[in-house]
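Asker: What follows is each chain in one-letter form.
Protein chains: 2
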Amino acid sequence: MHFTPERMTPLKALRLGIDTHHELIIYLRADCPVCRSEGFSAMSRVLVSSEEHHAIATLNIVTGDLLKKGQIGFSEPAWQRLYLQNDNPIWLSHPKPVQSMSYVRAKVYGHTLDEIAFQSIINDIVDGRYADVHVAAFVTACGDKNLSNDEITSLTHAMIKAGSTIDWNLPLVVDKHCVGGLPGNRTTPIIVPILAACGLTMPKTSSRAITSPAGTADTMETLTNVCLSQDMMRNVVNQQGACLAWGGSMRLSPADDLLIQVERALDIDSEGQLIASVLSKKIAAGATHVLIDIPVGTTAKIRTSEAAEQLAESFKSVAKNLGLSLQVLLSDGSQPVGKGIGPALEAYDILAVLQNRPDTPQDLKKRACTLAGAMLEMIGYVKPGKGLAKALHVLENGEAWRKFQAICHAQGGFHTPPIAPYRYNIVCHTSGTVLSINNRKLAQTAKLAGAPADPEAGVELFVKIGQKVSINQILLTIHAANIGELNYAVEFLEEHKDMILIDHGEETCH
Amino acid sequence: MHFTPERMTPLKALRLGIDTHHELIIYLRADCPVCRSEGFSAMSRVLVSSEEHHAIATLNIVTGDLLKKGQIGFSEPAWQRLYLQNDNPIWLSHPKPVQSMSYVRAKVYGHTLDEIAFQSIINDIVDGRYADVHVAAFVTACGDKNLSNDEITSLTHAMIKAGSTIDWNLPLVVDKHCVGGLPGNRTTPIIVPILAACGLTMPKTSSRAITSPAGTADTMETLTNVCLSQDMMRNVVNQQGACLAWGGSMRLSPADDLLIQVERALDIDSEGQLIASVLSKKIAAGATHVLIDIPVGTTAKIRTSEAAEQLAESFKSVAKNLGLSLQVLLSDGSQPVGKGIGPALEAYDILAVLQNRPDTPQDLKKRACTLAGAMLEMIGYVKPGKGLAKALHVLENGEAWRKFQAICHAQGGFHTPPIAPYRYNIVCHTSGTVLSINNRKLAQTAKLAGAPADPEAGVELFVKIGQKVSINQILLTIHAANIGELNYAVEFLEEHKDMILIDHGEETCH
Numbered sequence: 324m325h326f327t328p329e330r331m332t333p334l335k336a337l338r339l340g341i342d343t344h345h346e347l348i349i350y351l352r353a354d355c356p357v358c359r360s361e362g363f364s365a366m367s368r369v370l371v372s373s374e375e376h377h378a379i380a381t382l383n384i385v386t387g388d389l390l391k392k393g394q395i396g397f398s399e400p401a402w403q404r405l406y407l408q409n410d411n412p413i414w415l416s417h418p419k420p421v422q423s424m425s426y427v428r429a430k431v432y433g434h435t436l437d438e439i440a441f442q443s444i445i446n447d448i449v450d451g452r453y454a455d456v457h458v459a460a461f462v463t464a465c466g467d468k469n470l471s472n473d474e475i476t477s478l479t480h481a482m483i484k485a486g487s488t489i490d491w492n493l494p495l496v497v498d499k500h501c502v503g504g505l506p507g508n509r510t511t512p513i514i515v516p517i518l519a520a521c522g523l524t525m526p527k528t529s530s531r532a533i534t535s536p537a538g539t540a541d542t543m544e545t546l547t548n549v550c551l552s553q554d555m556m557r558n559v560v561n562q563q564g565a566c567l568a569w570g571g572s573m574r575l576s577p578a579d580d581l582l583i584q585v586e587r588a589l590d591i592d593s594e595g596q597l598i599a600s601v602l603s604k605k606i607a608a609g610a611t612h613v614l615i616d617i618p619v620g621t622t623a624k625i626r627t628s629e630a631a632e633q634l635a636e637s638f639k640s641v642a643k644n645l646g647l648s649l650q651v652l653l654s655d656g657s658q659p660v661g662k663g664i665g666p667a668l669e670a671y672d673i674l675a676v677l678q679n680r681p682d683t684p685q686d687l688k689k690r691a692c693t694l695a696g697a698m699l700e701m702i703g704y705v706k707p708g709k710g711l712a713k714a715l716h717v718l719e720n721g722e723a724w725r726k727f728q729a730i731c732h733a734q735g736g737f738h739t740p741p742i743a744p745y746r747y748n749i750v751c752h753t754s755g756t757v758l759s760i761n762n763r764k765l766a767q768t769a770k771l772a773g774a775p776a777d778p779e780a781g782v783e784l785f786v787k788i789g790q791k792v793s794i795n796q797i798l799l800t801i802h803a804a805n806i807g808e809l810n811y812a813v814e815f816l817e818e819h820k821d822m823i824l825i826d827h828g829e830e831t832c833h
Numbered sequence: 324m325h326f327t328p329e330r331m332t333p334l335k336a337l338r339l340g341i342d343t344h345h346e347l348i349i350y351l352r353a354d355c356p357v358c359r360s361e362g363f364s365a366m367s368r369v370l371v372s373s374e375e376h377h378a379i380a381t382l383n384i385v386t387g388d389l390l391k392k393g394q395i396g397f398s399e400p401a402w403q404r405l406y407l408q409n410d411n412p413i414w415l416s417h418p419k420p421v422q423s424m425s426y427v428r429a430k431v432y433g434h435t436l437d438e439i440a441f442q443s444i445i446n447d448i449v450d451g452r453y454a455d456v457h458v459a460a461f462v463t464a465c466g467d468k469n470l471s472n473d474e475i476t477s478l479t480h481a482m483i484k485a486g487s488t489i490d491w492n493l494p495l496v497v498d499k500h501c502v503g504g505l506p507g508n509r510t511t512p513i514i515v516p517i518l519a520a521c522g523l524t525m526p527k528t529s530s531r532a533i534t535s536p537a538g539t540a541d542t543m544e545t546l547t548n549v550c551l552s553q554d555m556m557r558n559v560v561n562q563q564g565a566c567l568a569w570g571g572s573m574r575l576s577p578a579d580d581l582l583i584q585v586e587r588a589l590d591i592d593s594e595g596q597l598i599a600s601v602l603s604k605k606i607a608a609g610a611t612h613v614l615i616d617i618p619v620g621t622t623a624k625i626r627t628s629e630a631a632e633q634l635a636e637s638f639k640s641v642a643k644n645l646g647l648s649l650q651v652l653l654s655d656g657s658q659p660v661g662k663g664i665g666p667a668l669e670a671y672d673i674l675a676v677l678q679n680r681p682d683t684p685q686d687l688k689k690r691a692c693t694l695a696g697a698m699l700e701m702i703g704y705v706k707p708g709k710g711l712a713k714a715l716h717v718l719e720n721g722e723a724w725r726k727f728q729a730i731c732h733a734q735g736g737f738h739t740p741p742i743a744p745y746r747y748n749i750v751c752h753t754s755g756t757v758l759s760i761n762n763r764k765l766a767q768t769a770k771l772a773g774a775p776a777d778p779e780a781g782v783e784l785f786v787k788i789g790q791k792v793s794i795n796q797i798l799l800t801i802h803a804a805n806i807g808e809l810n811y812a813v814e815f816l817e818e819h820k821d822m823i824l825i826d827h828g829e830e831t832c833h
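Chains as they are written, first to last, in this note's numbering: chain A, 324 to 833; chain B, 324 to 833.
Excised from the complex, chain A in its bound form:
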């Protein structure tokens, strides 16, 4: 009565060379007997098995002559996930219903989830059992402040357990994180060499941009190799005390990488997912002491100091549940930091600070040293109140720059960031004083210009709030890798001239 899938005639695998990013897609002929025998139709979720591996994929039905009879086509991610070669035998069957979606539904209906529930969801996501719509439902259900601190703790635990962890066998491993939303606020590549030059261990893994024009990993990638295996990372840290690596290649909290892809498409903030994302990565990477920077400003990610205080409390409460030492610093989030917005442009700011050049963006330097100093105070390396001075000292005497170069060298070599071939200057049509700068719209402009996919793309901003500007002065320059994106960014900017507000009420005074 019962036939197992193995008894069916297998299909022959064919690599179609279709890049579907992270979605696993398979292609079957409409007249394929297995469609009929299993009742599959377009967009069915199908369990695909080779002799050694299996995965769940989404089915596309081919009505043309793309495939011969008996063939099954694979998109690139599906091909790679199953480690296939052409003509490998493939069997198809129905995947079991995804039981953990009942927990997602429970969350939508306002119930509280326990650690078993979060572990089931996270494991299913990591195993590829969720299509993007399911991940979107989970992300949305956990959106805003829909998770309690206990739930966030459970989610964090689940995300750690679903991936690899690193144990450094050291009593003190430091890390820092900025909740973002402030364009150009790229302090990490400055803080890491300062702290490493002080002898601390800081195995820093960073993410790529989620909804911003650049993540620390995007910026560092314009300066050195950031795709380190865990073994390579261990070597770099053993040599230099620190690294500046992309976290995504290390399977530290791999669920986070999958969640972030959908969060990016939705652009939905979730306090719980934010905290779980940050802390799961830190704990998996072996951190014992973590400093969190929360910029506060009306157009930053966190808009009020009340919201920042609440987020800080949640961070502290969850960290305590997880046995992690954690401190939070609130910082000024009223305007971008430094000049550059976009991977390479931010890298040039970082180089100016580390090299103590005369054009150093002073705001970026001060923020980085304040945070590095706070960490030195937090672990008792210096007395309270002495951190900033120590950090400035290590930066200004060139130790930090030497350490930065040594880290880049250990990671595969230092290289010069790219420069964009297409540029467009926006000039001031009046004289006056800069009243406000809209972080969100500037970030949007940089993204439309191509950042972070084009590392050389972005915005170079030449003014700060309170600065006096004169007619025809350049306010900002848009950088792009191609004409299409340059146009798109310019159009957006021209539709949003309120991005930089100039008060020219007192023109007569100038």
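By construction, these hints were calculated from the structure, which means they are not laboratory data. Any given hint might turn out to be false.
As the list makes no split between identical chains, a pair holds if one copy fits it or if it spans any two.
Stated by the list, open to error - No more than 30 Å apart at the CA atoms, straight line, and that leaves these computed lysine-lysine pairs for DSSO-like: (1) K764 <-> K689; (2) K706 <-> K484; (3) K791 <-> K335; (4) K391 <-> K764; (5) K787 <-> K764; (6) K787 <-> K468; (7) K419 <-> K791; (8) K419 <-> K764; (9) K335 <-> K392.
Given the coordinates of chain A, assemble chain B onto it according to the supplied hints.
Answerer: Below, chain B alone, put in the same frame as chain A:
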């Protein structure tokens, strides 16, 4: 400085013959200059323009030789949406950011949305600006009871405005709806001919199954053509006073069809979306008087009479806002209705009732006549308390059956439902009394057997709660169109033997 997309060299359209259901997918070579000039990458959302049409599609990048230089491939839905022919010139550009997603985010963050917000979201969904993940976020954000009655009213209005509406120029146009969750509860095809035989106007449009093994449209499709254009529907109703059509082909509330595709994948209930879905379809179809059937049972969609009363109140409140006469009946939802679960099996039950055959499922007959009678009382056609008798009379004297045949004939002819080639009997291993029947698990079994995609698939249930059963008596038969699905349903059933609970504590009495 600015180049419009029209100045670029167009690509040549190629039909790849890939069925991606409702998702619009385009395929570009990795070395295509427009990818570079516009900064597109795999899974980018792209505005695709032919000389006459445009649509937003998701990009897949082709690294093999599927496409020649200068070609752009289209999936079937994308090809059809743009009304293309091979080699038509195609231009690509960035779609504008989907502004209405900010309303979806606002809903996730707990804000109340107004009609403008809902209209923006619904229009963007109907215009294809949302990828499935965006729709999933909207569905999830509106899940459970997250919409107020005013919000549901706004959403309903928005859904009506985004599609066609029908005006019958009649003071009285009746309709009914069952909120579902009760397998086999297929009363509509019995109620419609009873009320039409009484001279009422009932232009019934029904949906296909969302999460159940059969929708009324799926069942009716096994008996006649249900894909009517609005003109055809008008002809049928003018001739016969009623129709039994699929609503999806009429663009009555087209947003609903798109929302339902994602809701089906997520299986997330939303009170607001349920009410808006039902009422938008009814009002767009021109109904003035609507009866809502809410079955209540521990394994039905609505589990308690409190939840049913709350849902009824929301239905009434929103209907009042919309100027619609509406009544709600709560009914017994403790077990399936009739014998059949699945499109064709339910059709056979309906025929037994309409033809007054000796094997008529009495429960289905009584429910249908109770609802038809309630409508006759609601509109004052009979005095209070006289509705059921009138409905039974029209059914038992054959008028309803003649009317049903006439409607089917007007829709394109009556045909006999298919019969499944593969069956499997589940027998009772003990004697005793049926204690409970799990609607959800039975529905799941019918779906695993292939319903509703295979219309002949499903479950035939031979017992009712309280019925005495003896050893080796057949409890149910699984019907399937192929061996794969039959196996899958049998396996599920064997893992969930508690689907039908038998009390054999008093075996000695039998």
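Asker: The structure should be examined with respect to each hint, and the outcome stated for every one.
Answerer: Hint by hint, here is what the structure shows:
no., hint, result
1, K764 <-> K689, "within (25 Å within a copy, 63 Å between copies)"
2, K706 <-> K484, "neither (37 Å within a copy, 67 Å between copies)"
3, K791 <-> K335, "neither (69 Å within a copy, 53 Å between copies)"
4, K391 <-> K764, "neither (50 Å within a copy, 39 Å between copies)"
5, K787 <-> K764, "within (15 Å within a copy, 64 Å between copies)"
6, K787 <-> K468, "neither (33 Å within a copy, 46 Å between copies)"
7, K419 <-> K791, "neither (65 Å within a copy, 34 Å between copies)"
8, K419 <-> K764, "between (45 Å within a copy, 14 Å between copies)"
9, K335 <-> K392, "both (9 Å within a copy, 28 Å between copies)"
In summary, the numbered hints that this structure violates are 2, 3, 4, 6 and 7.
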